[in-house]
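Protein sequence lines, in the order shown, are assigned to chains U and R.
The first sequence begins at 1442 in the numbering used here and counts up one residue at a time.
The second sequence begins at 219 in the numbering used here and counts up one residue at a time.
Quick caveat, the hints were computed from the structure, so don't treat them as lab data.
Bear in mind the structure is a predicted one, so any value in this text is a computation, not a measurement.
C-beta atoms are modelled at their ideal positions from N, C-alpha and C, and glycine is treated no differently.
Fair warning: there could be bad hints in the mix.
In silico contact screen, one side only, chain U against chain R (beta carbon under 10 angstroms); selected entries [said to hold, decoys possible]:
1. PRO1462
2. ARG1491
3. LEU1493
4. PRO1496
5. SER1498
6. ASP1500
7. ALA1506
8. VAL1507
9. GLU1512
10. LEU1540
11. THR1544
12. GLN1545
13. CYS1548
14. ASP1603
15. ALA1629
16. THR1674
Below, computed lysine to any residue pairings styled on SDA-like, alpha-carbon distance capped at 25 angstroms [as the list claims (entries may be wrong)]:
17. R:LYS396 to R:ARG337
18. R:LYS364 to U:PRO1547
19. R:LYS396 to U:GLY1472
20. R:LYS364 to U:PRO1462
21. R:LYS288 to U:GLY1513
22. R:LYS364 to U:THR1459
23. R:LYS364 to U:ASN1483
24. R:LYS364 to U:ARG1456
25. R:LYS396 to U:ALA1473
26. R:LYS396 to U:PHE1474
27. R:LYS396 to R:THR382
28. R:LYS367 to U:ALA1485
29. U:LYS1479 to U:SER1443
30. R:LYS396 to U:PHE1488
31. U:LYS1631 to R:THR552
32. R:LYS288 to U:PRO1547
33. R:LYS288 to R:ARG457
34. R:LYS396 to U:GLU1487
35. R:LYS364 to U:LEU1493
36. R:LYS533 to R:HIS332
37. R:LYS367 to U:PHE1488
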Amino acid sequence: MSITYLEAIRLAQRRALTEDPRVYIYGQDVGAFGGAFKATKNLAEEFPGRVLDAPISEDAIIGSAVGAAIEGMRPIIEMQFADFSACGFNQVINQAATLHWRTQVPCPIVIRLPSGGTSGSGPFHSQSMETIYAHYPGLVVMTPATVEDAYSMLLEAVAIDDPVIFCEHKYLYYHLKAEKLPTEALPAGKARIARAGRDMTIVTYSAMLHESLAVAEEFASEGTEIEVVDLRTVKPLDTDTVMASVARTGRLLCVGESYPWGGVTAEVIARVACEGFGLLDAPPQRLNAKDTPVPYHPNLWAAHRPTARSIATAARNLLRT
Amino acid sequence: MVETVARTSITDEAAAFRELYIKAYRWMVLARVLDEKFASLYRAGKMHGGVFLGKGQEALSVSIGISLQKSDIFAPLIRDSGGRLAFGEPVLDAVRTYLGSVLGPMRGRDGNVHRGRPREGLLPMISHLGAMIPVVNGTLIARRFKGIKDSVGATCIGEGATSTGAFHEALNQAAIEKLPLVLVVANNQYAYSTPSSRQFVCRSLVEKAAGYGVTGQAVEGTDLTECLQVVGAAVQRARTGGGPQLIVARLLRLCGHGEHDDAQYVDAKLKQSPLGRDCLTVAEEQLRQQGWAQATDLAAWRAAAVEQVEDTVAKVQREPAPDPYQETWHALQTSHLRELHDEL
Chain U
1442 MSITYLEAIR
1452 LAQRRALTED
1462 PRVYIYGQDV
1472 GAFGGAFKAT
1482 KNLAEEFPGR
1492 VLDAPISEDA
1502 IIGSAVGAAI
1512 EGMRPIIEMQ
1522 FADFSACGFN
1532 QVINQAATLH
1542 WRTQVPCPIV
1552 IRLPSGGTSG
1562 SGPFHSQSME
1572 TIYAHYPGLV
1582 VMTPATVEDA
1592 YSMLLEAVAI
1602 DDPVIFCEHK
1612 YLYYHLKAEK
1622 LPTEALPAGK
1632 ARIARAGRDM
1642 TIVTYSAMLH
1652 ESLAVAEEFA
1662 SEGTEIEVVD
1672 LRTVKPLDTD
1682 TVMASVARTG
1692 RLLCVGESYP
1702 WGGVTAEVIA
1712 RVACEGFGLL
1722 DAPPQRLNAK
1732 DTPVPYHPNL
1742 WAAHRPTARS
1752 IATAARNLLR
1762 T
Chain R
219 MVETVARTSI
229 TDEAAAFREL
239 YIKAYRWMVL
249 ARVLDEKFAS
259 LYRAGKMHGG
269 VFLGKGQEAL
279 SVSIGISLQK
289 SDIFAPLIRD
299 SGGRLAFGEP
309 VLDAVRTYLG
319 SVLGPMRGRD
329 GNVHRGRPRE
339 GLLPMISHLG
349 AMIPVVNGTL
359 IARRFKGIKD
369 SVGATCIGEG
379 ATSTGAFHEA
389 LNQAAIEKLP
399 LVLVVANNQY
409 AYSTPSSRQF
419 VCRSLVEKAA
429 GYGVTGQAVE
439 GTDLTECLQV
449 VGAAVQRART
459 GGGPQLIVAR
469 LLRLCGHGEH
479 DDAQYVDAKL
489 KQSPLGRDCL
499 TVAEEQLRQQ
509 GWAQATDLAA
519 WRAAAVEQVE
529 DTVAKVQREP
539 APDPYQETWH
549 ALQTSHLREL
559 HDEL
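So that you can see chain R by itself, here it is in the shape it has in the complex (with noise of 0.2 angstroms):
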């Protein structure tokens, strides 16, 4: 009777590890579509500014996203389209920022990967580095004071930040006043073109963590079940209690820093490597080895993600664009403490 239970219950476990994987790989694919069509939709002209890409890091960034509950706070960085989606961030609003329709929520005022719903725990990232790590430190420290106890707030970083004074200062708050906080490396080897041997010198970044008392673990981050594993552990460990948990990430960025940026400084020996491996085949291979998806369902899944892209640039398209007759101009919320330019 008993052994009937634990074959259930692992049995349980495994049907809802294959749901959990098969979802996180459904996002991982609308990333990748997203992403593709941001790049398309940059090559041909239609976009105002940059676009910046997470190929090669959405299993990390998915495992991120779909760790978190609705009520957590997420601070993500430029290449987390992935765990923004599976944080519940509509395409809609990754698509209105990047082509700046006045109905999206930074309404033209911010475009492309600065974007966020701050009132739904999703923070939208300034482009300094390292500086959303004490922000997500606050809300815990607020919802501390509220008596929420149960909430996580995490963020992304890559390899480069750690260089920065706001990822130590914010790693060492969090360790001080020991905040849920999930702090996610991207080790993805270049910070723009700045390979990780100018960036630092230690084996790995995930030895900093005991430097500032806090729990480290390294992860594989080509690998999405290492990812999944990985990241829900650490998400649920500061959940209960475990204070900040540090994760890094080997990986490598599959395209340039942004699409401007043909990243041929990029070593050919790391992209022949393990480290060069897209996350997005791994994790197919993956599900038709368990026999978890057959070449038709991946194909389905690929379709609808593409449609669903396709459906909402097509209306995002004529949506109207920020006018700058309607703006109002005024960058303080106290009406009657705004100066009057105009009037000069």
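So here's chain U without its partners, still in its complex pose (with noise of 0.2 angstroms):
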């Protein structure tokens, strides 16, 4: 048996409407049909009444959520694409972000944003979102990289009494296979050392984390240890685990797939300059997305986003540093 990262997630998700009768699932076309990419494929039919089609209405459906919370209910939202969560950014980040702040009332709702490219996907259905929910205050944000950080963060997500951003990745979907579900994870908020290495430190998250890897593996090969951290979660950071790594190799690049401009490897080196600048030998670096939208054809597409070969480029730079 083997499960995909996307199985995963429809498994979490059908052992959340199992397990606890306040989830309920609503988004775009997740009944009957059960979901574009179907991460809710057969629930509506196991839990009658509970895994509810929306209106093209991006606004409402996050908003319900947040009353739904209110009144004691734990939604699970799905955004079609993370793309169009913009459609219903107010609600995220005005409503549900300052709920509890405001009121002391939690607002336990978990909005999944199939995230990240796939090719020929073009310029609105392959943003990553996360660095825009990680910036305002009272949102966790979720980014996970495996087929067990899916199945468990996602469980955990509808556990946790605040708003939860699930970035699961598209391109991760299908590619992702593990034998079988964990029963035990890490705790959200902790960063995973997913290869241990002395020369240099990765941190990365979501799909770059097997980018990376691949580099590491590759650089292995060549005598050089690269040590690569899965943020797991991006909002809140490990800088913990972060520091700790950056101590043992004194070097430090981070991956991540979004646009450059601020965001969430901005964030790791801003941290790791302020906090930790006595550890670094050689000045940190950090590999995104080029600032244009994303691209539609393949060749532009690849180019657009990091891989292992513009990261194993990235990673000898800054070796030879």
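Assembly of the complex is requested from the two constituent chains, each provided in isolation within its own frame, with the hints serving as guidance.
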């Protein structure tokens, strides 16, 4: 038996629906159709009345989730694509994110964002929104990179009393497989050393973890040991694990698929520069997508986002510094 | 025999309406007095932020609050002092939030009209217009999940908010889910300074109801009798399975957008028109014409309202302000997921 990243997400939702009567799923095409990516396949049939098709109204979808949370429910919202959450942005950042701070009433909602680029998807079905949401106080932002994390972190997201932006990567949906579901997991907010090394640290998350691990593998055959840190949750950011790694290696490269301006990689570098400047043997580096919308053609798309090739080049440059 | 019973019940009904009317009028007076106090505190420089009055909208607003039950949901907007009071919000909550008392429901973290007690069905508005409608929908969806059948959710907007996407999305959502939503639009002719001619061109906003497949009802917002009847009936229809109700009231905002605004842009002709009548004066005339109250009653009710507001303000002015050193500065409920920026 092998379980895909997508199947892990479906199974986590199935388990949440089974174990917690407060959980329901609401989003476009999530009902009988099973979702644009089939992340809710068969769930409407198995849980009648609890997996609801929504109109194309992202603001109303997310706004209603906040109301349901006030009344004690735990809605899981599927945005069909992360990009479309822009239409519900107001409800996320001004309603969901502020509710607990303003009123002491928790807002336990999960907003699933099918995120990131896949070949041929173009500017409006490829974006990574974690940076935008991480900017706002009151939100937890998860970016699982493995099948195991997709499963355990989604379950944890449902259990958390705060709004969680769950950035699941579309490229990983079918590309990633595991033999079985995890029985235990690191908690949210903790980064993971995905591969140990002593010569430099790559801090990354989501799909870029796998590009980075491929680079680490390639470098290992040349005798260079790269440590790869998977952030798992970008907010809160596990600064301790990052700092400890940089303390071991003295070199830092941050890799993210989202646009370069500001963002998770910038935040990691800012923290290391502020708190751990003395640990660095070379200026910290970062690699992001290019500062343009995400292109449609595979040739352009492959050059737009970081890949094992561009990460390897950045890593070599950093090791020479 | 039959005739006697019928007559008695008509008399009972009339007596009940008289009682409701007087109760509503007294909430209107309390709201007006409270608003006037906030305005005078604003002019005295005692307010931290803006002050937003419901002057001219009390009849409509109170009719909503008074038609709801304690167990219902209410998401008022900025001109709903009256509706809030009638729904059960204590004067103390209003004063504490305006003055920023740490003992208030918002603890100084949010102020003025941004107050509520979500656990008690009173939702605290955010500033983005139309944004509370889907939240009310969500509370009603949740209650349906929980098997609570006879709840109603009411919320208020102005005509300006009908131009938002949130209004459209949420009213449509409520219609699809057949929710017991009562959406009250106070067409007070101006959204801040923008006249309704720059906001919409349909003859009446109530025409929109047909487009969403919901019941629509227009009401003269200056007339308490009509407001009580129309809003009361809509709440009842929603409660008994009639689905979403859109109410559109015609009235005029008798103040600026906020107290910082002298509203010189309001058309003088509108002020002179029936639309510009003060609903409080209209209600007083009605009370006296019907013989439901004498001038001495009106004076006594107003004096009682003034005393209640003055006492509350005096009490709150002695209460502690929030202390930045006591503030936790965390936006998350989950303690282990809080980032410790102070350590950076």
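Results of checking the hints against the structure:
{"no.": "1", "hint": "PRO1462", "in the structure": "holds (8 angstroms)"}
{"no.": "2", "hint": "ARG1491", "in the structure": "holds (8 angstroms)"}
{"no.": "3", "hint": "LEU1493", "in the structure": "holds (8 angstroms)"}
{"no.": "4", "hint": "PRO1496", "in the structure": "holds (6 angstroms)"}
{"no.": "5", "hint": "SER1498", "in the structure": "holds (4 angstroms)"}
{"no.": "6", "hint": "ASP1500", "in the structure": "holds (5 angstroms)"}
{"no.": "7", "hint": "ALA1506", "in the structure": "holds (6 angstroms)"}
{"no.": "8", "hint": "VAL1507", "in the structure": "holds (5 angstroms)"}
{"no.": "9", "hint": "GLU1512", "in the structure": "holds (3 angstroms)"}
{"no.": "10", "hint": "LEU1540", "in the structure": "holds (8 angstroms)"}
{"no.": "11", "hint": "THR1544", "in the structure": "holds (5 angstroms)"}
{"no.": "12", "hint": "GLN1545", "in the structure": "holds (8 angstroms)"}
{"no.": "13", "hint": "CYS1548", "in the structure": "holds (8 angstroms)"}
{"no.": "14", "hint": "ASP1603", "in the structure": "holds (5 angstroms)"}
{"no.": "15", "hint": "ALA1629", "in the structure": "holds (6 angstroms)"}
{"no.": "16", "hint": "THR1674", "in the structure": "holds (8 angstroms)"}
{"no.": "17", "hint": "R:LYS396 to R:ARG337", "in the structure": "holds (23 angstroms)"}
{"no.": "18", "hint": "R:LYS364 to U:PRO1547", "in the structure": "holds (18 angstroms)"}
{"no.": "19", "hint": "R:LYS396 to U:GLY1472", "in the structure": "holds (18 angstroms)"}
{"no.": "20", "hint": "R:LYS364 to U:PRO1462", "in the structure": "holds (9 angstroms)"}
{"no.": "21", "hint": "R:LYS288 to U:GLY1513", "in the structure": "holds (18 angstroms)"}
{"no.": "22", "hint": "R:LYS364 to U:THR1459", "in the structure": "holds (16 angstroms)"}
{"no.": "23", "hint": "R:LYS364 to U:ASN1483", "in the structure": "holds (23 angstroms)"}
{"no.": "24", "hint": "R:LYS364 to U:ARG1456", "in the structure": "holds (20 angstroms)"}
{"no.": "25", "hint": "R:LYS396 to U:ALA1473", "in the structure": "holds (20 angstroms)"}
{"no.": "26", "hint": "R:LYS396 to U:PHE1474", "in the structure": "holds (22 angstroms)"}
{"no.": "27", "hint": "R:LYS396 to R:THR382", "in the structure": "holds (21 angstroms)"}
{"no.": "28", "hint": "R:LYS367 to U:ALA1485", "in the structure": "holds (23 angstroms)"}
{"no.": "29", "hint": "U:LYS1479 to U:SER1443", "in the structure": "holds (17 angstroms)"}
{"no.": "30", "hint": "R:LYS396 to U:PHE1488", "in the structure": "holds (21 angstroms)"}
{"no.": "31", "hint": "U:LYS1631 to R:THR552", "in the structure": "holds (14 angstroms)"}
{"no.": "32", "hint": "R:LYS288 to U:PRO1547", "in the structure": "holds (22 angstroms)"}
{"no.": "33", "hint": "R:LYS288 to R:ARG457", "in the structure": "holds (14 angstroms)"}
{"no.": "34", "hint": "R:LYS396 to U:GLU1487", "in the structure": "holds (24 angstroms)"}
{"no.": "35", "hint": "R:LYS364 to U:LEU1493", "in the structure": "holds (16 angstroms)"}
{"no.": "36", "hint": "R:LYS533 to R:HIS332", "in the structure": "holds (21 angstroms)"}
{"no.": "37", "hint": "R:LYS367 to U:PHE1488", "in the structure": "holds (21 angstroms)"}
Checked against the numbered hints above, the structure breaks none of them.
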